[in-house]
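Chain B: place on chain A using the hints.
2 protein chains.
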Amino acid sequence: MQLIDGNQTAKDIKAEIKQQVEGIIARGGKQPHLAAILVGHDGGSESYVAYKIKDCEAVGFKSSLIRFEDDVTETELLAKIEELNNDDDVDGFIVQLPLPRHIPENNILEAINYKKDVDGFHPVNVGRMVIGLPAFVSATPYGIVELIKRYGIETSGKNCVVVGRSQIVGRPMSVLMSQKEMNATVTVAHSRTKNLKEVCANADILICALGSPEFIKANMVKEGAVVIDVGTTRVPSQETKSGFRLKGDVLFDEVAPKCSYITPVPGGVGPMTRVSLLQNTLLAATKEIYS
Amino acid sequence: MQLIDGNQTAKDIKAEIKQQVEGIIARGGKQPHLAAILVGHDGGSESYVAYKIKDCEAVGFKSSLIRFEDDVTETELLAKIEELNNDDDVDGFIVQLPLPRHIPENNILEAINYKKDVDGFHPVNVGRMVIGLPAFVSATPYGIVELIKRYGIETSGKNCVVVGRSQIVGRPMSVLMSQKEMNATVTVAHSRTKNLKEVCANADILICALGSPEFIKANMVKEGAVVIDVGTTRVPSQETKSGFRLKGDVLFDEVAPKCSYITPVPGGVGPMTRVSLLQNTLLAATKEIYS
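First to last, the protein sequences are chains A and B.
The first sequence runs 15 to 305 under my numbering.
The second sequence runs 15 to 305 under my numbering.
Keep in mind the hints are simulated off the structure, nothing from the lab.
For clarity, every value in this text was computed on a predicted model and none was experimentally measured.
Just so it is clear, CB atoms sit at the ideal spot from N, CA and C, and this is done for glycine as well.
Where hints are given, some of them may not hold.
[Said to hold, decoys possible] In the DSBU-like style, the derived pairs of lysine-lysine whose C-alpha atoms are separated by at most 35 Å in a straight line are:
#1 A/231 to B/236
#2 B/272 to B/301
#3 B/272 to B/255
#4 B/25 to B/236
#5 B/272 to A/163
#6 B/25 to B/163
#7 B/272 to A/211
#8 B/211 to A/194
#9 B/211 to A/236
#10 B/25 to A/231
#11 A/163 to B/211
#12 A/28 to A/301
#13 A/208 to B/208
[Said to hold, decoys possible] Per label pair, the in silico range of CB-to-CB distance:
#14 B/211 to A/209: 36 to 44 Å
#15 B/29 to A/116: 53 to 61 Å
#16 B/60 to A/170: 34 to 42 Å
In isolation and in its complexed conformation, chain A is listed as follows (with noise of 0.2 Å):
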C-alpha cells in the first residue's frame, strides 16, 4: 500500500508555480493577479478565502480581497463582478460560495466572464470540459487527476466508480475519467443506487465524495484498489484543539491495508484543491485556456 501524499504533491507544484511566476516576472511580465469577492462573515468561508490569498503569496501572485456585507444586493454584486471582467489587471477572481439565500448563486456565477472563471463553475466551462475542449476545471477533479498522473496510476481500461454525483465533484471527476486523456470505464453511483457494496467493490479505482464519513468499509473495496477519498466531514473530537477533526468517507484503518494507492484524510486530496485554484489562476494569467 502506498499513501498519496496530497500535502507534498501540492508542495511541489506550489513551488513549479513560484518558479514560473518568477520566471515571467523576469520577462518583464505581469504579476498572475487573482481576486475573491466575499459576502458576509461565515466563519468556513472567511477561512478558505484566508488560505487562497494566503496561497497567491506563497507563489508570488497578487490577490485582492474584496468584501460585501450579507445584505449586499445582487445588483452590488453584479456590478462589482462586471468591473472585474473588465479590469485587465484581474486574470482571474472567484466569488466564495455559499451565497446569501436572497442571491440566485447561478446568476453570479453565469455573470463571471468564463476567461477569468478560475473556480471552473460557469456553464461554459462545464460544457467545454463534457465537449473535451480546453476549459478551467474545477479544483477538486482537477486536483485528483494531478494526483493521478503525478502518482502514474494506469487508467486506461480500469473500472472507476465515483460515488456522489455533486456538481463541483462527483459529475466532472466521472466525466474526466471517461474521458480519451484517462480512458477508464467509469460508473457513477449515488444515494440511489443498490447494491452500492457490490458496485464499489468492483472497481479498480474508487473515488469516494458522499460526504459520509467512513462510510466505505474494508468489504466494500477491492484487493488492489486505487482508492481517492474526497470526503471531509468535521467530526467532533476530544484529541484536537480545535474541538473536532476532519473524516473522510472512508474508514482508513480498516481499507487502507487492502489497496494499492489511498489518499488520507486529511493530507490527501484537500491540499490538491487549494493549489487547483492557484493552477487555474496561472493558466488564465498565460492565457493557455483562453486567448
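Just chain B, lined up with the frame of chain A:
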C-alpha cells in the same frame, strides 16, 4: 417483449406540437420559426435538412433554409449567424454539420446565441444540462428520454450502461440518466472498456451508441433488460430499392426475445431524434427555457 415504437411516439408528439402551435396562433401569437444553415451539397446533409423543413411544415412552424457553397468563409458564416442571433422572428436555428474542413466547427457552434441553439451543442447548453439547469438538450438524448418516460420505464436505482461516449449521444445520455430525474446508476463503456460483454450483461437498461452494426449479441444482454439502440449504420442490401438498409448496434432478432423493451432500427430512436428538434424549437418560441 414490448417493441418501443418510435414512429408512433414521434407522431403523437408532432400532433401535440401542432395543437400547441394552433393554440399560439389562435391567441394571436407568432408562428414558431426554425432556420437552418446548410453549407455545400453533401447528400446526407441535404436529406437531413429537407426532413427538418418538412417536419416544420407538418407541425405548422415557419422554416427558413439558408444555403452557402462549400467555399464559404468562416467570416461570412459568422456574419449570417450574427444576423440570425439578432433576428427577432427566428426563434431557433441550426448549422447542419459536418462543415467543410477549413471552417472550425466549434467556433461556429459557440457563435450561436445559446438561447437560439435548438441543437443543444453550445457549451452553455451542455454545461447547464450537466449542472442540472434548464437547457436545450441535444436531439438524440432528448428523444431517448421521451421514449423512456412515455413508455413508463422505471429508471430509479437501475443499472444503466451507455456504450459510447460521443459528445452528441453517449456523454449527454449518461449524464441525463444519472441525474435526479432518472436516478439510474450509470456506467459509460467505450472502445477501451475491458470485459464489455460482462459490463453490458449487467445492465437493466442498455443504451447502445457505438455505430457498429449488430455488435451487441444476445450473450451481452441480461434477461428482461430494456435495450435502446441508437446505432444507424447504412449497410449494402440487395433487398431495397436504395441499395442499402439501416442496421442498429444490436443483433435484433437474437436480442429482442430476451428484452422487456427494445427499440427497433429503423423506427425506434431515429424518428424521436427528428421530433426533438421540433420540441426544442417550440421551447425556444415559448421562452420556456430562456426568457
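Tested hints:
This hinted pair checks out: residue 231 of chain A and residue 236 of chain B have alpha carbons roughly 29 Å apart, not beyond 35 Å. For the suggested pair residue 272 of chain B and residue 301 of chain B, the alpha carbons sit about 43 Å apart, so the restraint of at most 35 Å is broken. Distance check on the hinted pair: residue 272 of chain B and residue 255 of chain B sit about 32 Å apart at the alpha-carbon level, within 35 Å; holds. Between residue 25 of chain B and residue 236 of chain B, the direct Cα distance comes to roughly 31 Å. Compliance with the 35 Å bound is thereby established for this hinted pair.
Restraint check for residue 272 of chain B and residue 163 of chain A: the C-alpha separation of about 42 Å exceeds 35 Å, so the hint is violated. With a C-alpha separation of about 16 Å, the suggested pair residue 25 of chain B and residue 163 of chain B falls inside the 35 Å cut-off, and the hint holds. At most 35 Å may separate the alpha-carbon atoms for a hinted pair to count; residue 272 of chain B and residue 211 of chain A meet this at roughly 27 Å. The straight-line distance between the Cα atoms of residue 211 of chain B and residue 194 of chain A is roughly 21 Å, inside the 35 Å bound, and the hint therefore holds.
Between residue 211 of chain B and residue 236 of chain A the CA atoms are separated by roughly 21 Å; this keeps the pair inside 35 Å, and the hint holds. Taking the CA atoms of residue 25 of chain B and residue 231 of chain A, the gap is about 51 Å. The hint is violated against a cut of 35 Å. Using a Cα cut-off of 35 Å, the hinted pair residue 163 of chain A and residue 211 of chain B holds, with the two alpha carbons roughly 29 Å apart. A threshold of 35 Å between alpha carbons decides the hint, and for residue 28 of chain A with residue 301 of chain A the separation of about 19 Å falls inside it, so the pair holds.
Restraint check for residue 208 of chain A and residue 208 of chain B: the C-alpha separation of about 23 Å stays at or below 35 Å, so the hint holds. Distance hint check for residue 211 of chain B and residue 209 of chain A: the Cβ-Cβ separation is about 20 Å, which falls outside the suggested range of 36 to 44 Å. A beta carbon spacing of about 44 Å between residue 29 of chain B and residue 116 of chain A contradicts the range 53 to 61 Å that was offered as a hint. The hint said 34 to 42 Å for the Cβ distance between residue 60 of chain B and residue 170 of chain A, and at roughly 40 Å that hint holds.
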